[in-house]
Amino acid sequence: MKQNKLLLGLMAMALSMSACKKFEAFQTDPNKPTQAAPNLLLTSIEANAFNEVSLSATLASRQMAYTDGVNDNQYYGWQRSGFGNYGNLRQVNRMELEANRMNKPSYVAIAKFFRVYYIMRLTMVFGDVPYSEALQATEGNYTPKYDAQEDIFIRALDELKEANAALTAASEAVEGDILYAGKITQWKKLINSYSLRILMTLSNKTNNTKLNVKQRFAEIVNNPAQYPIFDVLADQAQLKFVDKVGNRYPFYNDNSIQTAYYMDESFVNMLKTLKDPRLFSFAAKAPKFDALPATDFNAYGGLQGSASINLNSDRAAKGEASKINRRFYADPANEPGIAIGYAELQFILAEAVVRGWITGSADAYYKKGITASFQFYNINTDAADTYKAQAAVQLTAGTEIKSIITQKYIASFMHLGWNSFYEQRRTGFPTFEVVGDGVLNNKKIPVRWMYPENEGIYNADHLKEAINRQFTTGGDNVNGVMWLLKAE
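The sequence shown runs -21 to -1, 1 to 467 under mature numbering (1 follows the signal peptide of the UniProt record, and there is no 0).
Since the hints were made in silico from the structure, they are not lab data. All figures in this text were calculated on a predicted structure; none of them were measured in a lab. Glycine is no exception: its CB is placed at the ideal position from the N, C-alpha and C atoms. Please note: incorrect hints may appear among the correct ones.
Said to hold, decoys possible - Below, simulated SDA-like cross-link-like pairs (lysine to any residue); rule was C-alpha separation at most 25 Å, straight line:
(1) Lys254 with Ile358
(2) Lys140 with Val87
(3) Lys381 with Asn248
(4) Lys346 with Thr365
(5) Lys367 with Pro272
(6) Lys443 with Met461
(7) Lys254 with Ala370
(8) Lys223 with Pro311
(9) Lys254 with Tyr366
(10) Lys251 with Ala363
(11) Lys267 with Met249
Said to hold, decoys possible - Have a look at the derived ranges for each label pair, beta carbon to beta carbon:
(12) Asn201 with Ala376: 21 to 27 Å
(13) Lys465 with Asp440: 20 to 26 Å
(14) Ala15 with Asn433: 51 to 57 Å
(15) Ala152 with Ala376: 46 to 52 Å
(16) Asn120 with Glu412: 43 to 49 Å
(17) Asn433 with Arg134: 23 to 29 Å
(18) Asn120 with Gly298: 54 to 60 Å
(19) Gln115 with Asn456: 25 to 31 Å
Using the sequences and the hints given, assemble the complete structure.
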């Protein structure tokens, strides 16, 4: 009897241990490895980060108009945005972890770039956001503090400087790189060109001694051996699309862009006034003027972005407005999507000269930017030279920044994500009209987005602290002026 009991006990123990093993086995999916080579992660990170083709941004930036309903981006009626970019940051952190595990320091440096890239997306939307304590849930920190926007910019610029220094001629090859095919020098150019964009974003902060904006900017520009930047159009960060499932242009075969989106009238009129042939690449002829040649500026029209839907729909039905050029939805590859551009950089350098941050010819940089944009659209040199020779295109004393930002704005059509909106927010150029009956938010252009609602539930104390630190009145609202926009 005792032997039987002992036997039964051993069998029960064995079954228990077997059950534990089976349960643990169910918790680990053998088809989903917990470790991944950093090159595999880099490919997906790049494809996500550099896809900056956005119809929402074109609506908010008065380049297109929508007719199938009240679009909050067009009518400035937005409220909250999300923290989805922290999910992208998790992938970046994972790549850095795997790079350290496999002793691949080049990927660690590139991870620093992407960490800054995504945190910039977040802070430009909201203001203060978690940075130094972000993504510490595995360490038990589920309620990270919000870093002040000033500290975010300082840390971001320092991280980019560290990333540039870490990449050298002796750095190991970077595989899985769909942007630059592993060329280290190209990554250095990208990192430093992006640093210049961030520094120009801080143009209201030139008296801030913690940031040293002008000094940082000049340090990069004046030392190309240590801080190379984009030299030619091919250097820019652009995502190329190909005719394969999952890799096609984002609006290929998109029905909505074919039927509900039209060019904005103010944008079309700007191009027509400047006799800008890029209009023919951006837009289709308005049906009402279809008999005119495609190179006749009179063949193009647009809708008033701020007008009511009824008014715009009526004008569209009469054939007065141009739709986007057919290639944007009929060509699976179309054009590469520019995330950080060579033309953009030339306009940044031109503005820096005007502001006295660096020496050189603002006009030369400005004209290089225009030329680069024309080259991107395969417009011939003679047309570019004729365009640049016009009196309306010249830099004029006292209005240089307006002209520079206007050209940057034109070159950004369907590129650079929300950068054009942020540039208008920073400089006031170009003017986004709000006079129509459709505009919400008391006919004011919002300058930020409210924080996600669940932050008020799960991280309420830190959120409240950040809101009180930033906004003395009004609390968390779309018209609150973030630190970035306050001159000092």
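Outcome of the hint check:
no.	hint	verdict
1	Lys254 with Ile358	holds, 14 Å
2	Lys140 with Val87	holds, 13 Å
3	Lys381 with Asn248	holds, 17 Å
4	Lys346 with Thr365	holds, 12 Å
5	Lys367 with Pro272	holds, 23 Å
6	Lys443 with Met461	holds, 15 Å
7	Lys254 with Ala370	holds, 11 Å
8	Lys223 with Pro311	holds, 8 Å
9	Lys254 with Tyr366	holds, 7 Å
10	Lys251 with Ala363	holds, 15 Å
11	Lys267 with Met249	holds, 20 Å
12	Asn201 with Ala376: 21 to 27 Å	holds, 25 Å
13	Lys465 with Asp440: 20 to 26 Å	holds, 25 Å
14	Ala15 with Asn433: 51 to 57 Å	violated, 29 Å
15	Ala152 with Ala376: 46 to 52 Å	holds, 49 Å
16	Asn120 with Glu412: 43 to 49 Å	holds, 46 Å
17	Asn433 with Arg134: 23 to 29 Å	holds, 25 Å
18	Asn120 with Gly298: 54 to 60 Å	holds, 58 Å
19	Gln115 with Asn456: 25 to 31 Å	holds, 29 Å
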